[in-house]
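Protein chains in written order, with the working numbering: chain A, 1 to 157; chain B, 1 to 650.
It is worth saying that the hints were derived from the structure and are not from the lab. No residue lacks a Cβ here, since even glycine has one placed at the ideal position from N, Cα and C. Check the hints yourself; a few may be wrong.
Keeping only pairs whose Cα atoms sit at most 16 Å apart, straight-line, the calculated EDC-like set for lysine to aspartate or glutamate is [claimed, not checked]:
#	chain 1	residue 1	chain 2	residue 2
1	B	68	B	104
2	B	22	B	295
3	B	15	B	272
4	B	87	B	26
5	B	106	B	244
6	A	72	B	441
7	B	15	B	275
8	B	643	A	43
9	B	639	B	270
10	A	125	A	41
11	A	125	B	390
12	A	125	B	391
Non-contacting residues of chain A with respect to chain B, defined by C-beta distances greater than 10 Å in every case (computed) [what the hints assert, rightly or not]:
#	residue
13	13
14	31
15	35
16	38
17	41
18	43
19	44
20	82
21	85
22	89
23	96
24	100
25	108
26	121
27	122
28	123
Among chain B residues calculated to face chain A with C-beta under 10 Å, some are [to be verified]:
#	residue
29	338
30	559
31	566
32	614
33	620
Next come the chains, spelled out residue by residue.
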Amino acid sequence: MELGISLAILGAGLAVGFAGAGSVLGVSAAGQAGAGVISEDPDKFGKVLVLEALPATQGIYGFLVAFLILQKIGLFGGEIVALTMSNGLSLLFASLPIAIAGFSSGWYQGKVSASGMKIVATQPKAMGKAIILSAMVETYAVLGLLISILLIFGITV
Amino acid sequence: MLADIVKIKITALEKEHDEILKKIQELEVVQIESEKDGGEEIRSHIVSGLDYNIAELRFALDFIALYKPPQKGIKKFLESGIFISRKDAIKTAESFDYQTVVKESKDLEEQINKRVNLIDKNNSEINILRPWHSLNIIPGKELPAGYKISFILLSEKSVDEFSDNISRDLPFSAFEKTNIENQELYSYVIHKEEDEDKLKALFETMQVREMELPKLDMGVSEYVENLNNKIKESSTELNDLKKEAGKLSRHERELKIVHDFLSWQKMRAENEQKEGKTNSTFTIYGWIDKENIDELNVSLAQITTLYHIEEIGANDEEVPPVKFKNTWSKPFESVTSLYGMPQPSEPDPTPFLAPFFTLFFGLAITDAGYGIVLALISYLAVKIFKIPKEDRGLFGVVFWGGIASVVLGAVFGGWFGVELSKMPGFLRGPLESMQILNPLENPIAILYLSLVLGIIQVLFGLGINTWWQIKKGKIKSALLGSGLWLIGLISLLVFAASSGGLLPVALAVPFKYLTLLIAVGIVVSKWMAEKNKLLGLPIGVLGLYDVVGYFSDVLSYSRLLALGLTTSIIGMVVNIVAGLAMEMPFVGWLAGLLVLIGGHVFNIGINALGAFIHSGRLQYIEFFPKFMEGGGRAFQPMKMESKYIQFNEK
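Next up, chain A with everything else stripped away, as it sits in the complex (with noise of 0.2 Å):
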């Protein structure tokens, strides 16, 4: 196999990897603080759930990004693409802006849930605000997917 593939793969493996570790933190933030909310009043686990999900999806999207990766590189099923040195560090650098935007936004959207979890607790009525104020953090990580996608499909291989 050439290294042009090996560097494409390490790409979808750092999108997938660290998108999906911001949200693994991100997540598990909301849900240590949510388990809080529950045990006060288990009635809430529906509201407790969706603010703990919205740090979920920087992992989908890190996920999305390195399949488009190794669906580019002819990897799920077909030929493998003969790719060049310079193909494959072009795949890999268009995993990066997923990769940090995701690890970052996820965790930090996460704390924002984590904190959005006492509005849920004292004021269940304003729970949407609390899920846009979480949705803020979660920008970054659109817009980083925006561009790793952009930058994958103009990659011409």
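With chain A held as given, fit chain B onto it using these hints.
Relative to the frame of chain A, chain B by itself:
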């Protein structure tokens, strides 16, 4: 649209007070305000009394829910409110003797707790006595004078040594073994009273533990059996009591009705504290939608002729509450209220955001298959669960969002993430003929589309601001503020488009100068608005920096492309993984089916949530600030607010 909320003063005779207040509550049109400004309101004893009764009902309902026979299958799922007319609800509540049921629940709970405690107590006694079951004497039985007994527990290994010690040091003692469990010997020593100290010392050196046994009047095994019988007896009784408790669920409906009935009373009692009273009259101050005054008049006239409703102007410090009054865009009020209410002096953004929100929701899904599912689910949910009218907003929004997804999905060729070229022949033709663009092949086109939609919404927001200020008579600030920006930005766009070749090149030069002219205008108008003219010029120039804000607002709309792509690509991934699963021998079709259903349900769920949140965010952060600040308080009329009841009349 916002309703025209005015302040009124209702004066009537005290003797008709209760009936009038009930009527006002039934109409649900007046938000009663306190006549005294500020100050702590004293909780009347009536309110506390009702609170107590409601708490008792809550207890009874919780208790019944604990022992209620479980509902099966779909019935449990569909269990929603109680549908009843106002008249019947009041009649039921007034005639139902809920106190008896509350008392019965309390008694039953006490009885149940008694049995549970008894069983616990007996069980723990059995646990202590169980290892002694083969004891051949009765613990607590009188011994010959001068003798005592010690029940002991010692390690199996040291039994012989202990036995030797006893027979050597305490010749007048007897060491009896009973039972070995977990390598420990349960046994006892009968000894002379004067040997007690010696024995204790021996216990200590040999690490023997002394045990306390209860005093019994029969053998241990017989006693344990008695306890077991008692437990059995209590368990039977407990089961009967639980069944009895379960039977109380026949009153559940009535209890719930009484619960709501008392809540209405409490609400009236709380509002009554806000009234002004004289010996024979009372006065209510409150907010009302101007349209509803006639209705109020007609209703009160049925009770008495001796009343007076007067519209009074609110004083300057008072800000009226805000009530939505939309027709076609009513479901989207739920989107606006998620952000908060507009101020009474601001335009209601609901009808303006409705088309944008729907379009953005559709773009963030961009799959006709998913759109059909979403529209169908939200439609059926309202029908099946009989969602009350005021809670339907969200479902309406998702319904229209689903419809938008169907249209946009068809245009962009998204059908459950299946590539059109792989569709079966009879579907392929019609579906391909509907497709205009493939986002996966040409994402840049969708990016431009998203940005253009952003430009339109931002300019639209500025337009609303200009129109609203003109309507309010602030023509100067309208034209010099948002109006100037609106024209300036459009002129800048025309200049950019014509320089880029999208519009005739001839437009470039005139619009370049127009843009510059307006830029100067913006600087000058800001400069003139400043009191300090020296500082005003740099402030005016800095004002041009706002253009960066508009630019970043528009860029924010690029998320629509990302969200739409996410949906379609994850849909494709699900299909590919399902395809792989199908290749499994024998169970492949089942695994494939599970992946297909689970995967697509997950994708719809996560992306519908994302579509809603991000479309909402574009309204709140990019659109609203162009023309409103928000922070109004919602109109909350005194209502027959119910936890369980849904009135089935109009």
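Item to check | Hinted contact residue 566 (chain B) with chain A - closest CB pair below 10 Å | outcome: holds (6 Å)
Checklist entry - Would residue 31 (chain A) pass as off the interface with chain B, using Cβ distances and a cut of 10 Å? => result Per Cβ check, residue 31 (chain A) is outside 10 Å of chain B; nearest 17 Å; holds.
Item to check | Status of the stated non-contact between residue 41 (chain A) and chain B (beta carbon gap over 10 Å) | outcome: holds (14 Å)
Item to check | Straight-line alpha-carbon gap residue 72 (chain A) to residue 441 (chain B), limit 16 Å | outcome: holds (13 Å)
Item to check | Closest C-beta approach of residue 559 (chain B) to chain A relative to 10 Å, hint status | outcome: holds (5 Å)
Checklist entry - Hey, residue 15 (chain B) versus residue 272 (chain B), does the alpha-carbon distance stay inside 16 Å? => result holds (14 Å)
Item to check | Cβ separation check - residue 43 (chain A) to all of chain B, threshold 10 Å | outcome: holds (12 Å)
Checklist entry - Is the Cα-Cα distance between residue 22 (chain B) and residue 295 (chain B) 16 Å or less? => result holds (15 Å)
Next on the checklist: residue 87 (chain B) and residue 26 (chain B) were given as a pair; does the straight-line alpha-carbon distance stay at or below 16 Å?
Outcome noted: holds (11 Å)
Checklist entry - With 10 Å as the cut and Cβ atoms as the points, is residue 614 (chain B) at the interface with chain A? => result At about 7 Å, which falls below the 10 Å cut-off, the nearest Cβ of chain A leaves the hint on residue 614 (chain B) intact, so it holds.
Checklist entry - Holds or violated: is the Cβ of residue 100 (chain A) farther than 10 Å from all Cβ atoms of chain B? => result holds (16 Å)
Checklist entry - Is residue 643 (chain B) close enough to residue 43 (chain A), meaning Cα to Cα at most 16 Å? => result At roughly 15 Å apart (the allowed maximum being 16 Å), residue 43 (chain A) and residue 643 (chain B) satisfy the hint.
In terms of the numbered hints stated before, the structure departs from none.
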